[in-house]
Amino acid sequence: MKMNSVLLNEKTVIQSQTKLKTEAVSLYYGSFQALRNISLEIPEHAITAIIGPSGCGKSSFLRLFNRMNDLITGVRVEGLVELDDIPIYDKAIDVVELRKRVGMVFQKPNPFPMSVFENVAFGPRRHGKHNLGELEDIVEKSLRQAALWDEVKDKIGQSALALSGGQQQRLCIARVLAVEPEVILMDEPCSALDPVATLKIEDLMRSLAQEYSIVIVTHNMQQAARVSDMAAFLMMEDDRAGVLVEYGTTSEIFTNPKDKRTEDYITGRFG
Amino acid sequence: MMTRGLLKRQLSQRTAFSLLIIATIIVIVPVLVIVLEIIANGASAISWDFLTHAPSQAGKAGGILPAIVGTFYLMLGTIVFALPLGVMAGIYLTEYAKDNWFTRSVNLAIVNLAGVPSIVYGLFGLGVFVLLFHFGMSLLSASLTLACQALAMTVTTSREAILSVPREYREGSLAIGATKWQTIRHLVLPQALPGIITGAVLAMSRAAGETAPILVVGAAFLLPGLPQSPFDQFMALPYHLYTVAAHVPGMPKSTIWGVALVLLVVVLSFNIIATIIRLKVRQRRLNA
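Note that the protein sequences, when read in sequence, are chains A and B.
Residue numbering for the first sequence follows the numbering used here, starting at 1129 and increasing by one per position.
Residue numbering for the second sequence follows the numbering used here, starting at 2 and increasing by one per position.
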């Protein structure tokens, strides 16, 4: 389905396909309801930011899309979550295949305790690529895409744990890119990084958004305003369940919020 | 200003401190005395011939080679059975088992396995491996018996080593579409390996020191040569020590201490190997 023409990051006006969609989604951890009745459509080849105060369920919402919540015992999802109009909570869906298409970058950089090369090659190897030449190509291409190649090309065989925090996070992005996903989920990817490293990741996100659909959870209002095309504002209700307060283009949300609560939050009155 | 209250508090502090240090010394004194006494009395018995010859005259003369070799075979046999089983059970319990009554009772059983008196394992081995399975009094029966005993340790250490691998690694792997088994096989196990090996080495060292269980499943008093197959009987250091110390009249004292010294060296060196592996890993983690 087509979305309306929207002003994306005040730069270009594009017609964008819907990549991810939730319809009346509720999420429960046991008897606790973490998300209530959330419906939104996330466009392809754009950056969608999920913002909101701590504990409002941003991360839980993000983890709906690669079914990472499945790892938690007692989790239950109601409603519809779709990737390219395919319901991903359907019994026929292979979670492993889904996660290949929907990659994820975490809050804390989590490079594996192995070499830079092996980190990036880890995904392709698991998906059956064993030809060394082919792997080398994938590793170089992914590291270039993640704007890390020039910094690490001479220490590709060294431990990834020796890299700086910002490099580690870009390595984690390269690791995701290496399995050629369509969507990249980012869970506060810069919260453990200094401002310079943060800007590098933000630049990287903008360039990746040409090819990938990115969903980012962030605490940082400036970051959401800087990088995202679309923004969704989530908030807790009295029973601590997260609800979607407002969703729209980033420029609308930040310059002309329709809901009083959104306005209060982005102007720093709470949260 | 020294007030009475302050003096009293300092006095009680010093008393407590002295008591604690005395207790600590009392704890280490027996260990030191045992080791020193064994070295002092046994060192004279140790010679190349003692280590490389079979015993003669009921152990009064000759060496203890069959007992040394038998002990190493036992350690090897124990770990061959106990390690794979322990690791597999450890993986299942940490990664796959749901928290239900079955898992809880398995956990309870493993804890209790460690508390079963060793002679009971011996009788179990006699009943099951020697008689029921017709393995006879043999190296194989003894290895299997000691492996049952070592399982508690290999399962527990494997489980702890697997649990100590950070959740972030698993998430990172699953998030790029690796299956759970791929994640375990290529990420979790390599990380847990040093911990698993440490546990295995400790289990081997314990197997080397066991006397009671092997008594009833295949250890021999005296053998002229080395076991040729897993179905042969064998000599082992702890059992040899027991027989020469308690059952051979006129046994030279230095020989008894000599056997004890060799056994001690075998067990301690394995404990030291385990400690070194653990330290190395800790260092690597800190440097990373």
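Any given hint might turn out to be false.
Heads up, simulated SDA-like pairs for lysine to any residue below, C-alpha to C-alpha not over 25 Å straight-line [to be verified]:
| id | chain 1 | residue 1 | chain 2 | residue 2 |
| --- | --- | --- | --- | --- |
| 1 | B | Lys281 | A | Tyr1156 |
| 2 | B | Lys99 | A | Tyr1156 |
| 3 | B | Lys181 | A | His1258 |
| 4 | A | Lys1257 | B | His187 |
| 5 | B | Lys181 | A | Asp1387 |
| 6 | B | Lys181 | A | Val1224 |
| 7 | B | Lys181 | A | Glu1172 |
| 8 | B | Lys181 | B | Pro191 |
| 9 | A | Lys1257 | B | Gln183 |
| 10 | B | Lys99 | A | Leu1199 |
| 11 | A | Lys1149 | A | Glu1172 |
| 12 | A | Lys1281 | A | Leu1263 |
| 13 | B | Lys181 | A | Phe1234 |
| 14 | A | Lys1386 | A | Asp1331 |
| 15 | B | Lys181 | A | Asp1198 |
| 16 | A | Lys1283 | B | Val282 |
| 17 | A | Lys1283 | B | Pro191 |
| 18 | A | Lys1236 | A | Glu1262 |
| 19 | A | Lys1219 | A | Pro1241 |
| 20 | A | Lys1236 | B | Pro250 |
| 21 | B | Lys99 | A | Tyr1157 |
| 22 | A | Lys1236 | B | Gly210 |
| 23 | B | Lys99 | A | Asp1198 |
| 24 | A | Lys1236 | B | Arg186 |
| 25 | A | Lys1219 | B | Val282 |
| 26 | A | Lys1236 | B | Gln183 |
Don't read these hints as lab results, they were simulated from the structure.
Hints numbered earlier in the text: which of these fail when held up against the supplied structure?
1, 5, 7, 14, 18, 19, 20, 22, 25
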